[in-house]
Each structure stands twice: as C-alpha cells, then as structure tokens.
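J.: One letter stands for each residue in the lines below.
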Amino acid sequence: MSEERRQEPQERGFDLRRMLVNAGGALVFPLVAILLSFVIGAVIVMATGNNPITVYAALIGGAFGSASSIGRTLLYTTPFIFTGLAVAVAFRAGLFNIGGEGQLYIGAITAAWLGVSLGFLGPFAIPITLVACLITSFLWGSIPGILKVRFGAHEVITTIMLNYVGINLAYYLAQHLLRQRGPIPGTETIDYAVRIPIISTALGRVNYGIIIALLAAVAVLLLLWRTRRGFEIRAVGLSPGAANYAGMKLGVNTILALAIGGSLAGLGGGVEILGVYGNMDVPFVSNLGYNGIGVALLGRNHPVGVVLGALVFGGLFSGAQEMQFATDVPLQLANVLLAVILLLVTATKLVELIVGKRARDFVSGTHLERGGL
Amino acid sequence: MEDFLGGIGPILQSTIRQATPLIFAALGGLFSERSGVVNIGLEGLMLISAFAGVVGAYFSGNALVGLFTGLGAGLLFALIHALMCVTFEADQIISGTAINLLALGGTGFLMVVIFGSGGTSPRVDSFESVAIPLLSDIPIIGKAFFDQSLLVYLIYILVPVTWFVVYRTPFGLRLRATGEVPEAVDTAGVSVTRMRYYGVALSGILAGLGGVYLSMGVLSAFTEGMTGGRGFLALAALIFGRWNPIGALALPLLVGFAYATTFGVSLEAVPIELIEMLPYLLTIVALCAFGGRAIAPAAIGKPYRKE
Amino acid sequence: MAEERAERGSAGVEGAPVVLEMRGVTKRFGPVTANDDVSLVLHRGEILGLLGENGAGKSTLMKILYGLYSPDSGEIFVDGERVEIRDPKDAVERGIGMVHQHFTLIPRLTVAENIVLGAEPRKGITLDLEGAIKATEELSERYGLKVDPRARVADLSVGVQQRVEILKTLYREARILVLDEPTAVLTPQETEDLFSVLKELVADGLSIIFITHKLGELLGVGDRIIIIRDGHVVDTVDASKTNEGELARLMVGREVLLRVEKEESKASGETRLAAEELVVLSNTGAKAVSGVSLSVRAGEILGVAGVDGNGQTELAEALAGTRPVAGGRVYLDGEDVTSLGADARQERGLAYVPEDRASKGLVLDFHLYENNTLKTYDGPPYSRWGWIFPRIMRRRAAKTLRDYDVRPPDPDARAGSLSGGNQQKAVLARELSGDPGVIIASQPTRGVDVGAIEFIHRQLLEQRSEGKAILLISLELEEIRSLSDRIIVLYAGRVVGEVGPDATDEQLGLLMAGRE
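Chains as they are written, first to last, in the working numbering: chain X, 1 to 373; chain U, 374 to 680; chain Y, 681 to 1196.
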C-alpha cells in the first residue's frame, strides 16, 4: 500500500487545472477523428478529379472566412446544439434517442401553429410559443420512454419509428389544418413581430436563437450535475443495478430522460421556425436529428462538448455551401465527412492504435464523459 | 363474391411484393444479430445497394451486372460495420447509425457526381416480373406467388435455406453459439471474430438483395432516400419474429398487407400522411404487444474481449 | 478419505512417467508479477493439487498452460517434448483440457450441441445431431458422468453442468485435465461424486491438475500438492504426509488464526430484523425462497450458510427491499416494512452490503463522494428544493472514507479505480456511517485481499458489540463460523437447519446438501 498524501482532499470543488487537463485530453480524440475524416475526404475528392487543397480551402473559408460565413456557421450550429443535447441527455441515462427528427418536427409544427394564432400578442408570443414547443415535444418524447417501461419495447426502434410518425403528423397538420392559402405547400408565414430577431445584418440570418441554444446547454449542465434528477439520471445510466439498489426508480428516470431529450429537440424545432424560416414548408429540414447523434458523440455527451461539436457540424455544412459554389464538389460531401467522423469517434480501439494504449482511456475522454465536472 | 375473390389475388401479389425487401433485410439482420452484432445499419445497406445496383445496370445496360454491383456495395458497407464493431470495438448502434448516414450522404453525393443531379436516377434495366408457367395459372393465388420478379422467387428459396443453415449446419451452430456465449466458442477453438465477420457480411449481401430489389425489382431507377425506413422495419421484424427466419416473415407480411390494401384507398378519404404512418405505427404496436428484446441472443451488442 | 489414498499408494504415482512439465514460467501484468519462475511436474495418473489464496497466481499459470495467456518466459513440455501453446486450440491438440471456474456453456443449446461445438460430427454439410448424441452417450457411460444429451443446459443443475464441461474435454480426447476451483459451486455430496469421477479418470490413465483454495479437499483427493503464494512456488508436499495447519501456513505465510477473536455474545433479546414465511421469486419466475422465517436480535450475528444458488441472493434482496416479495412479511424493529423500498428501509436504519459491489453496490464511474451519498443524496444537507450540493457531499465523504480505511481517501477518485478491498470498504463506509441498526452483509469479503478481509471482519464485530443486528450471508464456511453467533443453512430456498458456530463440517455439509 502506498503512502497516502498528507493533503486534505476536502473541498476540491472547482479545480481549474484538473478540469483543463481533463478537457484537453478529451479534446484530442475528437480532433484525431476529425483530422482522419478529412484525410479520407481528401481521397474521395481526388477520386472525383478535384484538388483537395482548393476544396478544403473553400470549405474552411466558407465556414469561418468572413462575417457572413461565420454568421451562416452559427445559423447551422444552432439546431445542432439542440438535437445534440437531446441525444446527450438520453445517453446519460443509458438510452439511445434516435428520435430527434420527429421531436424537432413536433416542436416546429407547434411553433408554426402558435406563431400564427398568437400573433396578436406580438413579441410576447415568442416565449409562450417556445414554452409550448417544450411541452408538446416533452410529451412526444415521453412516448418511447413509456413504451419501454411498460412494454419493454427497445427505444432504438420506437424512436426511429416515431420519427416517421412524427414527421408525417407534422406534414399532415401543415397540409391540412394549418395550410396557408396559395399553391406552396406549408403553413402560414408568421408575422415579423413574432420572429426571433437576427443578431446583425453583417452576420446574415443568424438570430438570437443561438443564445437560447447556449442557455439550453447551460441548463442541461446544471440539470445533470447540480440537481437530484440529474444525479439519478447519471446513476441509472452508469449502473442501473447500483441505482436500483439505492432505491432509485429506473422507470421514471427512463421516461424523464427521453422526455427531456425530446423537449430539447422540440425547442430546437421551434427556434428554427421562429428564428429562421417563419413557417413550415413541405418538405421541411432533414437530418438535423440524426446528425445530433454525431454532435453528441463528438462532444462526449457533455453540454460543452455538444456546443463545440455542433460548431464543427455547423461549420462543415456552412463551408460546404461555399465549396459547392467554388468547386464542383457537391455539398453532400459534408454529409459523408460527418458520417466518417461519427464512425471514427466511436472506434476507441482505433484511437488506441494511433496514440498508444496507455493514452487511450485518457484521450478518449471516457472519464470526462462519465464523471462530469 | 367473385369480386372479392378476384380482389384477393392482386392484394396477395402486392403484399408479397412489398414484403420481399423487408424479408431480405430481416434475414440479413438475422445472421448479423445471431452472431452477436446489432445491425441498425440495414437501412443504409439497402440504400447503398439500391444505388450501386442502378449504377451497375446503368453503365452495363444489364440488370444482372447491377445485381452484383449492388451486392458488392452492400458487402463493402457491411464490412465497414464489422470492422468498426468487431475489430475496433465501437458501439454497434452508433456504427449502424453512421453507416446509415454514410449511405445517405454517399448516395446523395454520388448521384450528383455520376448522374449530374440529385432526385431520381435515369431508368435502367430491371428485374421485371417473370411468370412461372403452369404454377402461375393456379386460380387466385397463382399469379400472386408465381408472377413476380426473379428476386422474389429467390426469397422463396432463401427462407428455408436460411433456416437450414442456422439450425442444421455446423456453421449455424457456431454462429448461434457466438451470439450467446462467445467465450464458449473461443475456448472451443473457433474464431469469434471470424464468425462475426461472416454474420455481418451475410447481412450485407442479404440486405443488398433487398436494396437491389427495391430499385430494380419493383421500379427501375434509384430515388434518394427510397428505402424509407424499411431497414428499421426489418429489424423490428426480426425482433418480433424472435430472431427466427420463419418468425421474421410475420411483420413484413403484415406491413406488406397494409401497404397493399391502402393503395386502393382514395386520397380524399384518408390523407396520404396518415397512410404513410401506418407501417410504422403497426410496428410499434407489434413490438409492444409481443414483447421487447427479452430473448435476444445473449451476447448481442457487446464487443468480445478476451480476458 | 485418507485410507483410500493410502490404498493406491502415493509412491506408485511418483514412479509413473512425466506427462507434463512447466519450467520457469514467468508472467507479468504491468507492475504485477502473477507468476514468478514457476515450475511443476505432473505424472501420469496423478492428481496434482495447486493450492493458493485468491490472486496467488494459480489460475494464471493454468491459463498459460491452456493457451489463454502467453508467458513472458518459461517452457512447457508435454510427454517430454517441448511445445508452444499459443491458443486453446494448440492446448487441445496436445491433449490438454480445462474446466473453468465459470462455465462456458451455452444455456440455450442442448448438452450434445455444447459438447461437440467446434468439432462437430458431420453428414456431408449438415450437422450430424444423432452422431453427437451417440458420442455423448458413449463418453457418459465410459466415465460415469451421467447426463442427458438432449437436455437443454439451461435446465440443468450446476453439478450436472460441470459434468458437461468435463465431457467437453473428454470428447476432444484430453489426457491432461485441469480443473479450476471445481468445488466452488458444489454441495458436499456433489463434491464426493466429482472425486469418484476423478478417480475413474485417473484409473483410465488421465492426469489431473486440481486448482483450489480449499485446503481440506486436497488432503482427500490429491496425490501431491503444490503451494503457490504471491506468484511463486512455496513448496511441494505429499498429500498423505501433511495436514491442514501446515498447508494453511504455507499458503498464507504466517500462522493463520483460523478463527477471529470474538467476544461473548451481548445479544439483548430484542429482535430487530425478522422475516415471516418469506416467498421470493427469482428473475426467471421460479421460487427462489419458499417460506423462510428468521429473526436477528440486537448484538448478534446470524450467519446464513449454503451453496451458491440456493436463494441467498434473493433472500438478501427481499430483506433489503431491492426485490419485491411474493409472499410473507419483513419486519424492521417490529414495523412491517414489506411494502417499503430500499431507500425507505434505509431511512429506518437498514444497511445493505450487497454481494456484487461492482454492479450493485457502487456506480464505478461515479466519484467516491457521489457513491457515498448514493442513498442519501435526496435530502438535507446534500439536497434542497431539487438541487444538490457536491461540496457538502465531498466534505462528508472525506471524513467517512478515512474512518473506514479506504485507500486513497480521495472523494474525487473514481470508484472503479480502487482495488476490490477498498471498493468494499467504500461500500461499508457508506452503509455503516449512517449508524444503522440492522446490517445485511452478503459475501462481504468476496474477492478481497487478506488485509481488507481482516478489517471488514473487525468492523462487523465492532458493530455487533455496539448492539446492531447483523445478517451475514457467505459462501465461505470459515467466515460464517468465525463471525456468527448462530448459523442457519439455506437449501433450495428453505431453512433446513440451525446450528451453532461449533458445528462440524459434516453437520454443515449434510444440511447444505439438503439432508436434515
């Protein structure tokens, strides 16, 4: 047995240095994944007869190269923060929330509806509408949770199925009950008074929704590490056996984790409608929910990581627009790159091969992912 | 009465047509999951094979070539999944989701690169229906069963063959053992890694058949996102069918029947979105009514690590 | 026992040819040296005992022999010929078979399927199931290992499952058989049956290596005994010329007090924990506990003995409140708590140290301060209005960890980074620091190093002196005997008898086997 340190490890609390070291280690792994995927992307680009350097220059430039690029990046980042948080919260409880697509649509259609019908309230309609989005998508998100607890139906399948149900439900409402007059399928456009204001014309269409997204990330942070519910969610996710033995109820936490996840994605949908689009066209956005999985994993299921991961995703999509314009590489390359990043980020053994065995646990951020602040 | 009996035939034919891609994918999922590897990526495998099949048929002018390119693509993507899950011990559900995203993005990307634009590809040679003489003349059910695409006839053979392979061959025994207690297989001197690669590879080929059938058996072109969740339905079919090749037929036939009967319904009466929802709602109900993953292969979802 | 061995004559074995020799085997796992220049020799027809404490290196050595590990240095000779064993396949080819402590059987498949897996008889491309069944029957007959080839392994008792494991090795024509702690899961009667089988095998020319930490058994069945301690061979003795005391001393390296110093019982007569006709179902829905009644008084330790799998786990869980009760009642200080959950019972002074600390006692990925408040996080001072205060949790944990000798006493350490003994102490710290009135301890020293075992035993005895009521469930008879004031024996979910700590092995053994 080694000699114990004389130091009293009492109120360690906020040890900045330890946190930075942990965070630094946790960053290395995702960075390696991103770099590797860029290498693979370069190969693909060359195979299509293009110069990877010009392509990546356009990509990076399109992401951060000018004020309008940055604005566009932030614009794309916003919904990814929401869907990433939606996945991350569920993961903390040991659950897979693949239902971000449907959950976002439920929130979006709620906003598309209330944004119009509460239009007489002017800007006051914004917070009311967003709260309504939280509620409807909370309820929607609780469905797979209830199905799992009551019937044992695995949430992977049910959340995916509910995506199709939710999207179709939203489209149905958009085409029939809430349809606008005129030939274009979709809901009525919301009055400008009820829209989330943009930040600055220099930054393009990005609006204060990104602030709401960041606040949501802070809220998740507090939820997970400073509340009783968060303590239970994490315990249940890390060790259902021990949590059960400690008297925690698995069922309630399962349902709540999925419901909270749903509400986050739904809030994202509401922000997209009120901040960016002003209405729900048919068809509406796609893949924001599925990409939320990549964001969450890249961010090691931690709110801070999710924000950074969302930035990566947002930057890639933004840059891809420029890339498609400047070269003849289609912007779907971004989708391919993101899928590769997702693959690499979960291949912990691959990282081991690259950075060595001892570094693996440290670098993969597993302790950060599971231990928290 | 005549009308009713006359109606059964086309509905049955349509049911089988709709069920076939699901059955292919479910059989594929069976091999993968029985070996212990969850395959959420069936959707992506089907999609990439549907696309690759069309590409092959487009450049060669021959559907058969398309079949091979399609299967090749399915196999390739499945091997990526196997590499990630078995060798790199990645989380199997995430890897499957990544495969789906890769297929989605990849097909979108390649559509532009190869055909110049997204949406739908040009028409290609396909596996049209071939009526088997004599058998297809059986009243009512003859046309339904025996006037179908060649790939459907393949299903008639594949289902019993799968059953036989899984339950009556040494390979099948080892496959099942790998999904239950990989340690037992390892100590018996059989490579768990190899069995899992086989299982996942087979899922790529079978799901590939499903994908090729989608783009070249029913239609003769590729449309972006044409799998529409069938890969996930197939997974649910597998769970619902208790990881058994005969049981896995139940949900696809049910869903196929649902598709078949609603085609006739007029769009004024029931909005198309509600019709679209139907297979997914059915699947959820089926999963809930008849149990979750209570008796999945015991070692499923976890990488195998020697101590 | 001893007479039978003397009949065979130990001298005869020494003269037999050497079938296996391991020379100078060394194996390190990082800083830990599991095997340090270990050598052994096995003769034909011999039963060689490999004795040592948990973690001494016996299993490691045999895993090297079976090709599961590769040694850092050393050589292996089979029948005089030097061999390389890189994986179990090589070992099996050389006629080495191993029956592991944790069976590698597939519950869903039949006995015959399990036996032939990997070396299946074929008819063309199909599996020859009939042939497999026939082969099983033949082997079963020949060696007296009674099994039903068509039975599903999931339906078999542990003793029969072990026979299937042995048949697996025989099917592959093993001539050297290694058994890793085979009696850990058997009743005394099943152990007797196993020993007869071993003698049959040996008469047929097989050679056996028998790994155990139970001294008494080897004296009964072994020819020679090799004692391993801390990775190296301490001595090799002749089974007929040694005794328990000497073996214990060699195994542990110091005079082992086989009994801990225990004060006179201060039991006050007041019953603090009671169960009345308890019926508890297992996970599969079968009755694991069928009508158990017991009572534990203040200041006494009630030991529950029995072979693993006779309902101990379910009984503990039902008493603690982590498993619902299907019939009967549980009383805590006279109050009926049957419908209350674990946290409610904990509030009423019940502490529970579960047998599986890694998956039930601790959240390994939580910090120690979080684990420390796993049951108390939802009230003041740690929590108010839904918020929790980690700083207060840390402060409290720092003190508790020190009090219970958890090393390192760092509230921010991840529970998973601690050794088994320290993890167990951390669980103890959490459970006992709340000054409970009743303690349920289920296998509290499983997988724990000797130093920690002594600490934990002392803690339990201290609680006993302070007038707490303690229910001790353990698979180690010595532990039960040295700590308990009274002992009840559980068999097939029922209490089959109650004895005092001075009961003989025979008495206990009979009860554990279900004979009253």
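Read the hints as simulated data drawn from the structure, not as lab findings.
Each hint should be verified, as a subset may be incorrect.
[What the hints assert, rightly or not] Result set (SDA-like, lysine to any residue): computed pairs, CA atoms no more than 20 Å apart in a straight line:
1) K349(X) x S593(U)
2) K249(X) x T784(Y)
3) K675(U) x T784(Y)
4) K675(U) x P240(X)
5) K675(U) x Y571(U)
J.: If a hint holds in the structure, say so; if it does not, say that too.
T.: The hints, checked one at a time:
A threshold of 20 Å between alpha carbons decides the hint, and for K349(X) with S593(U) the separation of about 42 Å lies outside it, so the pair is violated. With a C-alpha separation of about 34 Å, the suggested pair K249(X) and T784(Y) falls outside the 20 Å cut-off, and the hint is violated. Simply put, K675(U) and T784(Y) have alpha-carbon atoms about 17 Å apart, close enough for the 20 Å limit, and the pair holds. Taken as a hint, the K675(U) and P240(X) pair is honoured in the structure, with Cα atoms around 17 Å apart against an allowance of 20 Å.
For the suggested pair K675(U) and Y571(U), the alpha carbons sit about 17 Å apart, so the restraint of at most 20 Å is met.
Consistency note: the structure conflicts with the earlier hints numbered 1 and 2.
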